[in-house]
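Take the sequences, apply the hints, and build the full model.
Listed in order, the protein sequences are those of chains V and S.
Per the working numbering, the first sequence runs over residues 1 to 130.
Per the working numbering, the second sequence runs over residues 1 to 292.
No wet-lab data here; the hints were simulated from the structure.
Worth double-checking, as some hints may not be accurate.
[Claimed, not checked] List of simulated lysine-lysine pairs, DSBU-like, C-alpha gap at most 30 Å:
id	chain 1	residue 1	chain 2	residue 2
1	V	105	S	241
2	S	194	V	105
3	V	105	S	192
4	S	281	V	30
5	S	286	V	30
6	V	105	S	281
7	S	217	S	194
8	S	194	S	241
9	V	105	S	128
[Stated by the list, open to error] Simulated restraints on C-beta separations:
id	chain 1	residue 1	chain 2	residue 2	range
10	S	177	V	108	28 to 38 Å
11	V	47	S	133	16 to 26 Å
12	S	258	V	74	48 to 58 Å
13	S	45	V	113	54 to 64 Å
14	V	36	S	214	19 to 29 Å
15	S	258	V	105	15 to 25 Å
16	S	72	V	101	22 to 32 Å
17	V	27	S	167	26 to 36 Å
18	V	27	S	38	50 to 60 Å
[As the list claims (entries may be wrong)] Over 12 Å on every C-beta distance to chain S, these chain V residues come out as not near it, computed from the model:
id	residue
19	20
20	34
21	47
22	55
23	56
24	75
25	98
26	112
27	120
Glycine included, each C-beta is placed from N, C-alpha and C at the ideal position.
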Amino acid sequence: MSQSYDRGTVESFGRWREFSAGMWAWILHKFTGWILVGYLFTHIAVLSTSTQGAEMYTATLQGLEALLIVRFLEIGLLAVAVFHILNGIRLLFVDLGLGLTAQDKSFYASLVLTAAITVASIPTFLGGAL
Amino acid sequence: MSTQIEEQRETEEEVETEPEQESPGERRRAVKRERAAQREQEVEDALDEAEETVELKVFRYDPEVADKEEPRFDSFTVPYHKGMTVLDALIYARDVYDSSLTFRHSCRQAVCGSDALFVNGRQRLGCKTQMGDLEWPVRIEPLPHQDVVKDLVVDMEHFYEQMHAVEPYFDPDETPDGELEEQRQSPENREKIKLSTRCIWCGACMSSCNIAAGDNKYLGPAAINKAYRFAMDEREGESRKEERLRIVEQEHGVWRCQTQFSCTEVCPKDIPLTEHIQELKREAIKSNLKFW
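In structure tokens form, the structure reads like this:
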């Protein structure tokens, strides 16, 4: 759109404090989506070490799991994936035209559920590392 | 305060330094000056009298006046009373402080759709928004993602073009035989399109839509809602509905909507815009699905 001058934060993401639930859901869905796409490449890279033989694969995985940062990244990945799945289900209902008046509540619910599942997963991911 | 008053004061001083000669122009200016002083006094009294005053921060911009080309915010202090709307406050500021303050308004009862404004970071209808419900000071800006013509007035031409693009008029396939015979609609069907008929063309939804901001060809929530209003009207007939669906199922039609719900949140008439857009998406798919 042509602008005769710069309207500044009126038309930029500088207004993020005023975003509503639906907007946050959209932004988080995009964000988690891109992270999952990025992870897919890492995933393929790690899995393809198995073409070099079983020992190579085992060694790679053990090497990665030995790093504490990888354990924490895995927790982050789970959070991202769970949110993307839950919000995806929410969007499915939106597309079906079901419960559109509760779309903000379902977004908050998916956030809470994501948090709960992530916290519950911490012992599993960090088990043995700490 | 506003630039207008400063200008007035400057001219007052100039007039005072001139030698006392009674020309008609002088006399007129003297009367004017007196009246201005009186008005200022009245304003001060009103502000003193008022139990509460509210500060407005209003976006100002006028490309035709040299000193006002730079966008800026002017502050106006307005006496508050219970039931005061944003539009009331703006009218007060314009009438009392600065007659050059420009904004659209007409019916003052949320029917004409003239005064959609960006109030405290949200698209709202000025006449429908209570000052008491807002955080003070109240920040008033023109609608985002539209060109500003002057102060709070934006160029709505693009919005109207999109509205017209969906052919927003009743156009039935066949009319009843008798010349004066009524075209009846079932109560259920009327109920279905009821909310979509409430649109007042204020443009708040279009301004709030992130997709419409980035894609100038996108029809926008209001236009799609208009299409819904007629496509769902059973009196129009199947072939007309097909035609209408063909308009909204274009690349820049319903499929641009990414269900951010911004339009539904800001609609001053509480039209479930996202719901209507989603239903048209399903209708468009249904009309194109072929099982052979």
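Checked hints:
1. V:105 - S:241: The given pair, whose Cα atoms are some 34 Å apart, is violated under the 30 Å limit.
2. S:194 - V:105: holds (26 Å)
3. V:105 - S:192: At roughly 25 Å apart (the allowed maximum being 30 Å), residue 192 of chain S and residue 105 of chain V satisfy the hint.
4. S:281 - V:30: holds (21 Å)
5. S:286 - V:30: holds (28 Å)
6. V:105 - S:281: It holds: about 23 Å lies between the C-alpha atoms, which stays within 30 Å.
7. S:217 - S:194: holds (27 Å)
8. S:194 - S:241: holds (18 Å)
9. V:105 - S:128: holds (26 Å)
10. S:177 - V:108: 28 to 38 Å: At roughly 56 Å between Cβ atoms, residue 108 of chain V and residue 177 of chain S fall outside 28 to 38 Å, so the hint is violated.
11. V:47 - S:133: 16 to 26 Å: violated (56 Å)
12. S:258 - V:74: 48 to 58 Å: violated (30 Å)
13. S:45 - V:113: 54 to 64 Å: Holds, at about 59 Å.
14. V:36 - S:214: 19 to 29 Å: With a Cβ separation near 23 Å, residue 36 of chain V and residue 214 of chain S satisfy 19 to 29 Å, so the hint holds.
15. S:258 - V:105: 15 to 25 Å: The hinted range 15 to 25 Å holds for residue 258 of chain S and residue 105 of chain V, with Cβ atoms some 20 Å apart.
16. S:72 - V:101: 22 to 32 Å: violated (41 Å)
17. V:27 - S:167: 26 to 36 Å: holds (34 Å)
18. V:27 - S:38: 50 to 60 Å: For residue 27 of chain V and residue 38 of chain S the Cβ distance comes to about 55 Å; the hint holds.
19. 20: The claim is violated: residue 20 of chain V sits with its nearest Cβ about 5 Å from chain S, within 12 Å.
20. 34: holds (15 Å)
21. 47: holds (32 Å)
22. 55: It holds; residue 55 of chain V is separated from chain S by about 47 Å at its closest Cβ, greater than 12 Å.
23. 56: holds (43 Å)
24. 75: About 29 Å separates residue 75 of chain V from the closest Cβ of chain S, which puts it past 12 Å; holds.
25. 98: violated (10 Å)
26. 112: holds (19 Å)
27. 120: The claim stands: residue 120 of chain V keeps its Cβ more than 12 Å from every Cβ of chain S (closest is about 29 Å).
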